[in-house]
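Colleague: These protein sequence lines map, in sequence, to chains W and U. So in our numbering, the last one in the first sequence is 174, and the numbering has no gaps at all. So in our numbering, the last one in the second sequence is 343, and the numbering has no gaps at all.
To be clear, the hints were calculated from the coordinates, so they are not data collected in a lab. There may be inaccurate statements among the hints.
As the list claims (entries may be wrong) - Derived list of chain U stretches under chain W, where covered just means 3 residues or more per stretch with a C-beta under 8 Å from a C-beta of chain W: (1) 1 to 10; (2) 37 to 49.
As the list claims (entries may be wrong) - Among chain U residues calculated to face chain W with C-beta under 8 Å, some are: (3) Thr31; (4) Met106; (5) Pro134.
For every residue, glycine included, the Cβ atom is placed at its ideal position computed from N, Cα and C.
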Amino acid sequence: MLTENATLLPETKRSFDPKKVTFTVNGKPREINVLPWVSLLDALREYIGLTGTKKGCDHGQCGACTVVCDGKRVLSCLTLAVMKEGSEITTIEGIASDNDELHPLQKAFIEHDAFQCGYCTPGQICSAIGMMQETNPSSRAEVADLLSGNLCRCGANSNILDAVMEVYSMKNEQ
Amino acid sequence: MNNFSYTQATDVQEAIHQGGGPDSAYIAGGTNLLDLMKYNVTEANALIDINHLPGERDIIRNENGGVRLNAFISNGTTAYHSLIEENYPLLTRAILAGASGQIRNMATNGGNLLQRTRCYYFYDINTPCNKREPGTGCSAIGGYTRMMAILGATHEPNDQACIAVFPSDMCVALAVLEAVVNVEGPNGERSIAFSDFHRLPGDTPQFDNNLQKGEIITSIDLPAQGFAQNYSYLKLRDRNSYAFAMVSVATGLELEGDRIKETRIALGGVAHKPWRVQEGEDFLKGKTATPENFAAAAEIIIEGAVGYKDNAFKIDLAKRAIVRNGLMALNPKETQLPGAVPN
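Could you put together the complete structure from these sequences and hints?
Modeller: Okay, structure coming up:
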């Protein structure tokens, strides 16, 4: 599934050999051979075939490429795949439990109509999962601030916040 | 983005040797470097990954009552660390005012100090820029200047003019805390006072700081004085979250009764480095923490400011932000609530 671009090498004196990278994606061990400049985002989408993670700006401004890496939400577009040897990565494809049941955030997003085009949704959900693991926000305003790295150009933000707040308060009541 | 080789360094000396080359660059968090490389603003043929150098990835107490931040842990880990939240809440507030949750999880403490300006013209490789290509001119002057510097800039007719600002929030707090930056390089180890770390553009705007080629930031020391009782970070920007500062202010106050025993005030978003003026802080010593006294100190701190058409508003804004933040520092329990909107 290599793209044409990824295999085109300009003439150079340096050796740019592909490197073997082994990591776990959604619980499954994966081994890929990538050139050093391949982002984790491109590795997931084009080498592993998991296209749920989206490429928006490719510059860390929109958050569409958010995945959870070793328990932390990160931007896969600003991460080199070669730097994640041995990591555990979770993408939108891997958040639901195995028995075909959606993750509570996925259910809440449907319930609250928290999207129009849906392009930012995988990043929004991975970001919300990461946020709940890293801190305990005390208000809706604080949650909004903590999720500000995920843009929604359809303007579904208020519904996204409704969905996240519902799951967050359920989690706190447990 | 140009092609590059990638090497994981596991030994400091080996990393310094590899990183000293003219076409190599260190990568840690990568959030700024890879962005700049994608825009072809920065080119490097060899990336040296320094995330795997030895050393405990933690924040530990120093024997002098302060703490030592490992340079390779993330900004997010630092902000939420109990030693920082309890003893240096100003640093927590400043870090959480910057970037996004994802970027804070990736960006390292050392890398935060080394991030480059977000000047639009620096990023646009089709325009002249003395920081990117010395001697080509400054496109910001005569261009759109809303985010540009009002203090310490180099103006025309100097042919190395540069009015870019240093964008970090974390570093504004580190300036108030008088952090010490520990580095290791080809000439051994050295410690740099925070005020000496970043620099003004002068005639060499291509240099953001005084780190030498090949040097690596290994840790950052915070002295014991953390202003945990009276502190405030105020960030004013075009939207309430995930935007760079137009003006930001970090204030630490040590009070004795109703008098100011010691204060430190640093500004972000106004200059090529976090802006501190000793005379302004000295003026407040022994005085009461009133709007009038903060306003008089603000006049001293902002003295000499120069604005262009689109950024002249920052001069007044900075003065008022100093006053407002000084008063906010009197009551951090009310004013420093989590969330983006200033209370």
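Colleague: All hints, please: hold or fail.
Modeller: For each hint, the structure was consulted:
1. 1 to 10: holds (count 5)
2. 37 to 49: Held - the stretch 37 to 49 of chain U has 6 residues with a Cβ nearer than 8 Å to chain W, which meets the minimum of three.
3. Thr31: With Cβ-Cβ at 5 Å, under 8 Å, it holds.
4. Met106: Because about 5 Å separates methionine 106 of chain U from the closest Cβ in chain W, which is inside the 8 Å limit, the hint holds.
5. Pro134: Constraint on proline 134 of chain U not satisfied, violated at 25 Å.
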